[in-house]
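Participant: Residues per chain are reported as follows:
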Amino acid sequence: MRDTISFYLNGELKTLCGAAPTQTLLRYLREDEKLCGTKEGCAEGDCGACTVNVSTLAADGVVKREAINACIRFMPSLDGASITTVEGLARDSDAPHPVQRAMMDKDASQCGFCTPGFVMSLYTAYRNRTMLPLAVANDILAGNLCRCTGYGPILNAAEKIGHVAKTADQSDADRVELEQLSSLDHQELVEIEHGEARAYLPATSDQLAEIYAAHPDATLIAGATDVGLWVTKARRSLPKVIFLNRVRDLASIKCSEHELIIGAGVTYSDAIDILAQSYPGLGELVRRIGAVQVRNAGTIGGNIANGSPIGDMPPALIALNAKLVLRHGAHRRTLPLEDFFLAYGRQDRKPGEFVEAVRVPLNAAANELKCYKISKRFDQDISTLCGCFNISVSGGMVAAARIAFGGMAATPKRALSVEVALIGKRWDRSVVELAMQAFVKDYTPMSDMRGSADYRLCTAQNLLLKYFIESSAPLEQTRLVGYGNAFL
Amino acid sequence: MLGEDASRVRGVVSSPVMHDSAFKHASGQAVYVDDISTSEACLHVYIAISTHAHANVGAVDFGVAWKSEGVVAVISADDIPGANDIGPVVSDEPLFAVGAAGGVVECEGQALFAVAATNFEAARTAAAKVVIDYDDLPALLTIEDAMAAQSWLEPPYKMTRGDVSAAMEASPNKIKGRINIGGQEHFYLEGQAALAIPGEDADVTVYCSSQHPTEIQHKVAGVLGVSFNAVTVEVRRMGGGFGGKETNGNLPAAAAALVAKRTGQAAKVCYDRDDDMIMTGKRHEFRIDYHVGFDDDGRVGSIIMDQAARCGWSHDLSLAICDRAMFHADNCYYLANVEINSYRCKTNTVSNTAFRGFGGPQGMVAIERIIDEIAFKLGKDPLEVRRVNFYAPHENMVSDRNVTPYHMKVEDCVIDEIVGELVVSSDYETRRTEITDWNAKQPLLKRGIALTPVKFGISFTKTHLNQAAALVHIYSDGSVHLNHGGTEMGQGLFIKVAQIVAEAFQIDIDRVKITPTNTGKAPNTSATAASSGTDLNGMAALDACQKIKKRLIDFASSEWGVAQDNVEFQSGCIRIGEDKIAFDALIAKAYLARVSLSATGFYATPKIEWDRATGTGRPFFYFAYGAAVSEVVIDPLTGEYRLLCVDILHDVGKSLNPAIDLGQIEGGFAQGAGWLTSEELVWDQAGRLKTHAPSTYKIPTASDRAPDMKIAIWKGGINREETIYRSKAVGEPPLMLGISVLMALSDAAANAMGRAHYPALDAPATPERMLQIITGGWG
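Sequences listed follow chains A and B, in order.
Under numbering that gives the first Met the number 0, the residue at position 402 of the first sequence is numbered 401, and the numbers go up by one with no gaps.
Under numbering that gives the first Met the number 0, the residue at position 263 of the second sequence is numbered 262, and the numbers go up by one with no gaps.
Chain A on its own, in the form it takes in the complex (with noise of 0.2 Å):
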């Protein structure tokens, strides 16, 4: 057992010892180490000015460079990694770095607070040699907010980075990254005291099962997407913490044939391919949550346990049938993921024990399933209603139906009535209307700033049409953005 963390911060080895479990990496960086070009513009992760590179060894030796926000990112789960903020880029106004040339040189910074955010965003790209026409551009950036530019220097500048970036020698860098990131690299359970405080991090999914089922008043935090805001915004203490984030066998997703289990450990970013690949509604859907800083380090079985009502993802898995893993000790128990959610902020998991995998049928036409996430933003927000819609024709007849909403109800949840309207009817428009009237019979939506119950119904309602419409239209003519869209 160790009780120090280790990390590399701008290619300097730093050992912590006693790290408060809840501080920040922003604080960290900004008080500790007094590096104060990484900025704090929201600390709820929803603004980018606080992006830096992370970078992590997975589980094949492979080394993860991903941006994140330091404003929600907890101290102790940095253990292991290397971690680049601006001041790790050029300091010399003469000799700049190809990410902070381009950004001059497109006139890419106006008050400049967030700049070095966006510069941290496109350095990731940069060192992954992600190439950067706009649609991706549009998508590395999303996390990261100008209120200056309108961002057209920016996005200029993107592109000329990623071509920079895919001419570039970075093998010396890689090649120091690997050998850091490399000794760093244990096993070990470290377990880490401040105070009265704790905060473990498990190695493997047994020494969490173990850790947690002995203390079932710890919180697990795994991205700290939403657990961040728990401490930044609504200024909760969290004396005892575990982290999920070292732990790689939960970090791994599993193929058959007829389906996926994705370790509860698994973020975001690490499924979206084999998401899209097997339903593209599905990895459209993931790529309109959050964005990249937020789906690098949320998971999706953060996002289960969690049980917001507006939900991600499990709109989206409850209407593909998926079931949830869950385990306490050395016991396991598997359910349907609709049964998961009881009621508002209450899930049934009993104290000690954790999302251990969701199992995601993989039965479904990949262009049955089909996901309407409706917000007043398309990136980075969260959605004012989520529908997912997984309807099966055949002969012309509805053969099986699955729908579920997310922020319609106090959970996730199925429209249950719309599906009874339409199984063993006629595929056709007259069908799919007299099932329009059946959501009032599943939903009473709330409404919030988000937008209206009336807003939200009527749009529930008119999400069956699209999906009808789409049945024979193709996206190109339904579709405003993302997967299959005309307009870029």
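Straight-line distance between alpha carbons at most 20 Å, and here's what the computed SDA-like set of lysine to any residue pairs gives:
1. A/232 / B/274
2. B/23 / A/29
3. B/689 / A/225
4. A/349 / A/210
Honestly, the hints are just simulated from the structure, not real lab data.
Once you have looked at the hints, place chain B on chain A.
Facilitator: Same frame as chain A, but now just chain B:
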């Protein structure tokens, strides 16, 4: 440096040099207030705020805060040596609402008291321990509430010209309508921040993120009860301002200074995002009712507009903002008979404040809506109706169609020329036809297009504010120190003024040291606002340069024995008769000859005057113009939409720096488009803001930018007035190009509805509002 030829002098006027801090931005080395290195003894101050919209507050026991860990001082209304007031124009804003005996709160987010501690968390924790006993009073939250109660900051104000009733009577067509226009959060990325360092005697130095250092100086001095000369305020840069740091910096600066003087320790106030959004004023929400008479060509014959603005609980700058909304109720259009009534509603909500455009955008949105509706009613392309209503072009001064509702003659109108060029370059006519064809073939999506013009008046409408000061030193090595009263918030003011100095002396811009705005160097300055930064400070800096140049020319002429007109500042050197001497060599000689190498500069805008009582005069030195075409696509089943294509042609006069100007144009457009689409402020029934962080308040992100975006500076641009190198102000006007997006959405909505009736779309046009208008309401 002889041989420094024309091609080597870098950064003079009209060259597209990058922002002076570009590398510092990109390397994290640009210092903002919260980045300033302080000693460990620096105190962190938390401002406790009201959670009720309107209430009497009972006696407050601050003892729990004093006893809380790390607390060094608790400061309330009882602890203010000077005036408990931070109001910028009218003294109606207490710094702190409560003392030990309690007090009154008039909005959610009003500052109650402050706690200073060794770290921010300790201060915040201590503040939260203080129990505030609210006894709620009736609260007026909306424009409707205030109008019903006639709760106004001042009696309704009117501008009028012509005979509205007779002309209305005579008009063959009439419409009546209403548009509700939401407010807007500034969302500068850097929150309000101030750091105060106590000095000897009564002195204090305040480093802050403010557009108005002089006002900070005045309000800090007022709160401390000292004269202005005890307070020095310095601003190096802001992480965005947009008007949100014109007056809202008073509170954190005054609180920090108060703590610093009381404790003898440096003190810092930095609002976190949620507090910032709850505590600080926003763009005014407006409700505008209109009654319009027009002929069969769509020409407006008579118009009455009633503008009601939600000002919030105190004056702040609301009266001037509401005035500017009236000044822009015409936009580019000649309104033959016109009456504009303005109601300045006092409500129990945060005191709304300056925001890029300063009321102008709201006035302009209404008239654009009206023109759009007239066109719909007549079955015409709105562009045609816009053009028949334009003010007469500047070369046609015999026309009588050039007088504004405030009786100022528009002498520089170039809008029809700009629009004419834009119609061609954007291929507007063809695209409109293509859109109609496209829409007919689509199973779901519908497109829309709109072209809207902008005419924006340049000058503070409070005439005395149109003045500026600068200070230029040349050191004996030939390096130049530049200072002026303008502040840098990202708009590129500093680089532009440095270019003006480089141009004046014909030296490389790298020789010109840009220095922080400081009230000790340039006194009695106006806010960097009203787009006037470069117009005013550039002229003041040029004045200082001219004074020094004159001395240098006098010196060279007598030293070399040549006529004064035989001394010339050429690129990189000075020609004196047949000789050429490098700039630094001349400076070295001038120093030895005891020539003063330092000068202050001053500028006051000519020609302007405004009589508010009669509503007549010339409030503006000139107008800036521009136009934009926006094309959108909507999903009529969900109300979602996407901006597809934007063409902008904008008049900046003769550009001082095309790179900076293009940045202002695009940034302004995006901010205007955001205001009218996704940026929605929501309050609950109790008057509490529900959208106080980026998770709930949605400014545009990268993908909201139109994938096809063409922005051009109008080549015909030249300021007909004698402004600095004939440039035009560019800070605010482009924001209103974003109105084209709202009008394009309106067009698309009409297309989705089969043009059955006019989609009277309120702003912001969120997907919800779009769906509501398309479906004809709920239920």
